[in-house]
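Listed here are the chains, written in short residue letters.
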Amino acid sequence: MTQIISKIKTIRWQTVMIVILAAMLAVGTESCNKNTGKLTKKEKKAQIEMYKKQLSEIANGTSKLSLQEQERVINEAINKNFNDPELNNLIIQAQQKNKAAFAELQKQHDQQVAVARTKLYDLIANKEGLSADELEKELDVIKAQKLNDDEINELIGRVDKKIADMRGGSMGGTIKSQLESAFQAIADAAKGGNVTQANSLVQSTVSKYFVSESTPVLIIISKEGSIVDYDKPTTIKKYLDFCKDQKDSRNAVDSYMLDDSGKIKELDLIKK
Amino acid sequence: MNKAIGIIIALIITGSGLFAQDKGDNLSPQRKQAIDSLALEKVRDLSKYISIIGDKKTQWSEAQRVIERAVELFMPGSEIGVSSLSRPDVTYYKVREYFDRLMQLNYDKISIDWYKIQYVSDLERQPDGTYVGVITVFQRFQGFDAEKGLVYEDTTKKDITVYVKRKETQIGGKLIGFWDVLLGDIRVKETSK
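These protein sequence lines are chains A and B, in that order. Residues in the first sequence are numbered from 633 upward in steps of one, following this note's numbering. Residues in the second sequence are numbered from 12 upward in steps of one, following this note's numbering.
Quick caveat, the hints were computed from the structure, so don't treat them as lab data. C-beta: ideal position from N, C-alpha, C; glycine also. Worth double-checking, as some hints may not be accurate.
Said to hold, decoys possible - Using C-beta positions, here's what the derived DEER-type ranges look like: (1) B:Leu96 / A:Ser858: 25 to 31 Å; (2) A:Glu766 / B:Gly183: 22 to 28 Å; (3) B:Ser95 / A:Thr806: 34 to 40 Å; (4) B:Asp100 / A:Ser813: 32 to 38 Å; (5) A:Ser887 / B:Val82: 52 to 58 Å; (6) B:Ser203 / A:Ser813: 41 to 47 Å; (7) B:Glu79 / A:Lys823: 46 to 52 Å; (8) A:Ser813 / B:Tyr163: 38 to 44 Å; (9) A:Thr806 / B:Val82: 34 to 40 Å; (10) B:Asp100 / A:Ser858: 50 to 56 Å; (11) B:Ser203 / A:Ser858: 34 to 40 Å.
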């Protein structure tokens, strides 16, 4: 205890007090500056120089900032209200440059939208007879542009749906009804004595829907529980010729399998 | 333990029964009806093919294609009988030869119609698993001359033996069981005016 009291007596209390007062003054000054937000002359000058540099780069087109970031810098400089003639002049130049750049960007966007729109309508019509995979590849290129346009998004949706249809997705019934109509049209043409038309329909049906003339066709004659009885397997060309020869379409489409290109690689029919 | 063995035996019996049914050894009435209809349909198909082949308006290439389809309906080596009111005997030709001759008949126009197509002997299962039956048809034949008009006609009753056998084939990697219907000889039973 005696030792502790002896230690306390050796401390220079004046020095300690001076250090404490200096620290309090420093903290007080800092908090005062923060509260008022006022800049020192030095700080203000530094900020003006910083904005001049950024605005000059924007005005002469060398800025590496995005157009949105450039616009933010310009607005900041305006709001700071430095009242510096040279800076104000640079603000005007940067504003003009930024506005022109935005206009150019919009123009490019409009052009991209126009090109994409045309392309998407082509894909929907699919006059070139592209496969589902080829359509998807073309569509992905347009999607990658991220055009963020309502009409384009709607058209993209339509092409997506078309691809799904080709792959036998949600609209399988459409292919089924189209095929059954084609079978009936072939039978009707033959019944009307128009063999040439019937032959033409046979060819177009094969090329439009099927992988090849030799695509296998199975005809279900009976279904009883899990047991399925088939007629002798045939090919699509022979089956379509059969519709023509018999002048009749006796079977409905039961199911089909598509290949990667959206064409039928196996067809199951069932007695009507 | 005895109960478990009983269940296993029942499953084996049931499983083998299903297998047998799937193979066509023990057809349900519905499945039997389906193959009966299928065989009748093949005969009707043949009647259409005969009309096309005999039709003088059918192009040669088209007739050849249809002959191929018609030949496919028959068992190899099958024969078709041909009769005439002008002679008592019946001549039998191999299927392809019959169709070739039909195409070349010496009339300006011919009409061939098959009717009353029906079973005279139902399909019966043979020891080898093949179902065999006989279908009878009546054929009305008319031959026309460009100037004289109808110059020949007759009606022939014919019996067609049909063979139906269950077979299997691979389609797209899966095993498909199908009924193979083949026509045998076509025998002339009677010919009248």
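Worksheet entry | Unsatisfied constraints (hint numbers, rising) | 1, 3, 4, 5, 7 and 11
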